[in-house]
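Chains as they are written, first to last, in our numbering: chain A, 10 to 304; chain B, 10 to 304.
No lab work stands behind these hints, which were simulated from the structure alone. Please read all numbers here as calculations on a predicted model, not as lab measurements. By construction, the Cβ of each residue, glycine as well, lies at the ideal position given by its N, Cα and C atoms. Do not take every clue at face value.
[What the hints assert, rightly or not] No more than 25 angstroms apart at the CA atoms, straight line, and that leaves these computed lysine-lysine pairs for PhoX-like: (1) A:K247 x A:K32; (2) A:K167 x A:K213; (3) A:K32 x B:K15; (4) B:K32 x B:K15; (5) B:K158 x A:K31; (6) A:K230 x A:K213; (7) B:K247 x B:K158; (8) A:K32 x B:K31; (9) A:K15 x A:K32; (10) B:K158 x A:K15; (11) A:K79 x A:K213; (12) A:K32 x B:K32; (13) B:K32 x A:K15; (14) A:K31 x B:K32; (15) B:K15 x A:K167.
[Claimed, not checked] Quick list of the computed label-pair ranges, beta carbon to beta carbon: (16) B:F278 x A:K32: 52 to 62 angstroms; (17) B:P262 x A:G30: 22 to 32 angstroms; (18) B:V103 x A:A85: 27 to 37 angstroms.
Number of protein chains: 2
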Amino acid sequence: MRVISKPNEMQTNVESLRNEGKKIAVIPTMGYLHEGHTSLIRKGRELADIVITTLFVNPTQFGPNEDFEKYPRDFARDFQLAEEAGTDFLFNPVTEDIYQDGYNTLISISGITDKFEGASRQGHFDGVATIVAKIFNITKPHYAIFGQKDYQQTLVIKQLVRDFFFDLSVVVAPTVRESDGLALSSRNVYLSPDERTKAVILFKALDEAEIAIQKGENRRKILNAILHNAIRSIPEIKIDYACAADADTLEEPDVFLPGEHVILMIAVFNGITRLIDNALVTIPQDPQVKKHYFV
Amino acid sequence: MRVISKPNEMQTNVESLRNEGKKIAVIPTMGYLHEGHTSLIRKGRELADIVITTLFVNPTQFGPNEDFEKYPRDFARDFQLAEEAGTDFLFNPVTEDIYQDGYNTLISISGITDKFEGASRQGHFDGVATIVAKIFNITKPHYAIFGQKDYQQTLVIKQLVRDFFFDLSVVVAPTVRESDGLALSSRNVYLSPDERTKAVILFKALDEAEIAIQKGENRRKILNAILHNAIRSIPEIKIDYACAADADTLEEPDVFLPGEHVILMIAVFNGITRLIDNALVTIPQDPQVKKHYFV
């Protein structure tokens, strides 16, 4: 595995690899890698000839009161995990090379970003779209691989790729979980042992709502109530949002129709740590119990 | 010459040409080609193996009260001029394929866009940056060629390329002029015979200011006054702006230093037609008359 820090050196390498006919996959990360990230790297290994993992804690996607400064960093560990998972190039730039002196350009995405993470974290997705566009132009991938855990982010990136004609495929890989169901996250390191135990309620709440859908529940407000009620069983956890939405548009109809894809999304504060999780569910054509079906 | 309308078909062609090692130049235009554009196409022909001319009247760079609807269009003439000048691919998309249903993404550039054209035409440069980023991703050029006549636009595009790491060279080619000095522009077709005669004052004003610089004038306000006084000799022409600025940053120091590059820029309304022109001048190390030099 080769470590590259300079954008132009990365570009020269990928341009020459592309000219040799090699297929390139990029896995953009903020480092502090875990099994969620390494599953994405292994996915890249399956799809492409060359796998680039990027490590960059992107300042423009953090709000003024967020955890940019204290976001966990461990280059030696990231190096080892990235290499073991099959990375060819570890792109590890400094902030000054990505946001050069006098930088003045931002990508702004509306619509899909108005709600949920976009509403709770003003400017977050503009920062995400901007850094991802830079990484795409630096690494020139055929495949860009993202985790489903940041579900709304995957929609934002698909919109970016479509609107700007980036010539690549966006691949979304499933969330990796601890044995009790907690979604892996670099931010889990912030949790106290007690908070860690309680954090499993996100998965449990998603699971309850998913079971309800399989049994025929298709009313959005009822699904939201199932999520809220489950999380409220742990009073220390404060809900930011917990809701069901159309998985493609994030629209919120009263009732979801058979065959529609629904995204169940949760964001909470567990102590001072903000955690998110989600589940993608398809409304059954033939639910197990036709309770509320086209009432 | 081959005409292509679909973005993905254009991409497939350039990707395959790049894989053959061909160098690609793109000349983005809004059509209604004139000798200014064809000089850019010939420049592309010199630099690259494959020349792509794009024709697209970009709605997002026009303000609500501007001339989008009546902007002149003539595909048959553009086809002939582009082919004669040495175009390999004429990319001629429809609006719906460039701004697809549900598009929600905009590039926003600050700083360099705050003044002059950016101030007079709110949102103009965001529209320019957005369409140019799309064209770059669709045509994947090694060289992108623009005319100096839209001087501030060339700075915006250089900032876009730098901030987003587009792997290409921006080439700026000189303004082409009529025999009396009027800069070629698709909008000149709007001018009445009388307005056409009077329009030469832009070139004359730039010429006067340039002569003053060669003779040692380096004070910005005096240069601005020379431009204003010259244009005011034609009372029917209304000045939007006429001024000297640092050619790289558009900053406006009181005095320009020897060796500095100065851009003299003019925008006027000639009847209802908005015209712009500019001249790039270097402050002499040894002016012909040391009149105001380091007073």
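Verification of the hints:
no.	hint	result
1	A:K247 x A:K32	44 angstroms, violated
2	A:K167 x A:K213	29 angstroms, violated
3	A:K32 x B:K15	24 angstroms, holds
4	B:K32 x B:K15	21 angstroms, holds
5	B:K158 x A:K31	41 angstroms, violated
6	A:K230 x A:K213	18 angstroms, holds
7	B:K247 x B:K158	19 angstroms, holds
8	A:K32 x B:K31	19 angstroms, holds
9	A:K15 x A:K32	21 angstroms, holds
10	B:K158 x A:K15	34 angstroms, violated
11	A:K79 x A:K213	29 angstroms, violated
12	A:K32 x B:K32	20 angstroms, holds
13	B:K32 x A:K15	24 angstroms, holds
14	A:K31 x B:K32	19 angstroms, holds
15	B:K15 x A:K167	20 angstroms, holds
16	B:F278 x A:K32: 52 to 62 angstroms	54 angstroms, holds
17	B:P262 x A:G30: 22 to 32 angstroms	52 angstroms, violated
18	B:V103 x A:A85: 27 to 37 angstroms	53 angstroms, violated
In the structure shown, a violation is registered for the earlier hints numbered 1, 2, 5, 10, 11, 17, 18, in ascending order.
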